[in-house]
Every structure is written in C-alpha cells, then in structure tokens.
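Enquirer: Residue numbers are given in the working numbering: position 231 of the sequence shown equals residue 231, and the series is strictly consecutive.
Quick caveat, the hints were computed from the structure, so don't treat them as lab data.
Each statement offered as a hint is correct.
Once the Cα atoms are required to be at most 25 Å apart in a straight line, the calculated PhoX-like pairs of lysine-lysine come out as: (1) 50 with 15; (2) 26 with 159; (3) 226 with 206.
Computed from a predicted model, the values in this text were never measured in an experiment.
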Amino acid sequence: MTEFDKVIPPGGVGKVTASLNTFPYKGPITKSVQVTTGDPGARPVVLLLKAEIVTVIDVAPSNSPVLRTIAGEPKPTELTVSAGDGKAFDILAVQADPSVRVAVRPDPPTPAARHPVQRAHGGPVAAGSSRYLVTITPTPKAPVGSSIANVTLSTNHPKAETVTIRPVLSVTGPVEFVPQRLEVQPGPEAPVLHVKIRKPRGGTLKILEVASSDPEFKATTSAIAKGREYDVAVRYTGKPGRGPVNSRITVKTDEPQQRTIVIPLTGRL
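All chains, please: the whole structure from these sequences, using the hints.
Expert: Right, dumping it as structure tokens:
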C-alpha cells in the first residue's frame, strides 16, 4: 500500500510512504515500488522495501504442508512449532477438521510432557517447552482428491494466542482414472474422448452410472477387464460451432471410498 504527494511544486519536495503487510510472510522478503512522474525527462524511480520477518511462533517447514497419501493408508507429516525468542510456552488446545488427526509433543521431551495438564474436557496440553513437534495424519474422513484442512493451536503466548496450520491433503483413491480432465477442440468431425477407469488393487469394481451435465455430450462405458478396468467414451452429439464448453462427466461406482468420480469437460467447439 502506498501514499504519495500527487503534486510537487517547482523546487519542492514530495513524499512517498509505502507500507507492507507482513502477515503471510516469514524470513527475508523484498518488495518494489515504482514511482513515475509527469516529467517527460525523468526516469521512473524504483524504491525497494527489504525486511526480515521474524514470526513470534514459527511453523516449519511450512504452515501449509502438503500431505500426499493413499486412501486407507494414511501417512503422517511432522512439523516443528517453535518460539522465535526461544522462551517456553504452552499449547493449551488443538482444534482440527475431521479430515486430520493431530498429536503434539515437546521436543525435546520435558518433565511437563510426562505429566500433562488436563483441559476441562479431558484433553492433554503440551507444556513447558519452546519447541514442539506437531504430527498431522489424514483420517478416513479425508476426501479423495485435493482439499485443505484447518488446524488451530491455542497457546498461552501473549503475542500469538492462536497458530493456524492449513495442511493441503492430496488423497489418491483406490480407483484410478486417466486423464483427470477432458478438453475438446474444434475439428472436422465430432470429437470422441476417452477416460480409462481402473482399480488395480483390492476387490472388484462396478460402474453403476455415467452421466454428462451437458445434454449435447453422451457418455457410455464399456469393460476392458470386467471388474478391474473400464473405458468411458464421451461423444459430442450437437451441431458444429457451438462455442465454449464447460461441463462435467460424473461416474458412479460401487467403491465405498470413491462413490463418485467427477471429470471436468472444457474447451471450445
């Protein structure tokens, strides 16, 4: 955000004030401000704002970690939450979405960790350390695909009463499909697009229904290897030159962890 004197009299001095919102950043950052005047003989002036952002409570390596896992085979991710000034603080409470499970322990372990305080509803509090290990594990409620979970740590630090962590969950389901999106392009003939759907492990797979949200596209399915692999064909049945396409193909299966598969269909005809 910048504020500046819009008119500077001959021989006068103008002022440019630039401010930087440091909330989403940590570590060294550099931002630039270009100042352009109405003087045709003057070149633009570039001002640099440099800062070293030190967080009160730091989350490393990131407060938005990416958790890649396979449905039914959760893999935990460990983060470090530490005080920037090295002083001890307590984690009073942990709130998390149902899609993740969170565990907190001091690092290194402290006597307070062996005798944790109890919150009113009985949950333990991690206390007596300036550094904690936070383990985040996807739960069976984590949806297949990409999603973002919310984790909030409540602390007794006066300058950081809450610490927010937003893990990005990337869960691969038992049913694979390639490609994951379809795109149509103009051509001399009506396009026919294909999606391969397969379940390489576990029990068999049944395709219960295939539907298109656009009535000018018809979706059908055929078995490549019954119970394991299928081909979904998507045919355009409308007139040439219809213009932009923005719809989706929905596949219903009997797989409990992946009842519905949605495939975006975009492009232009």
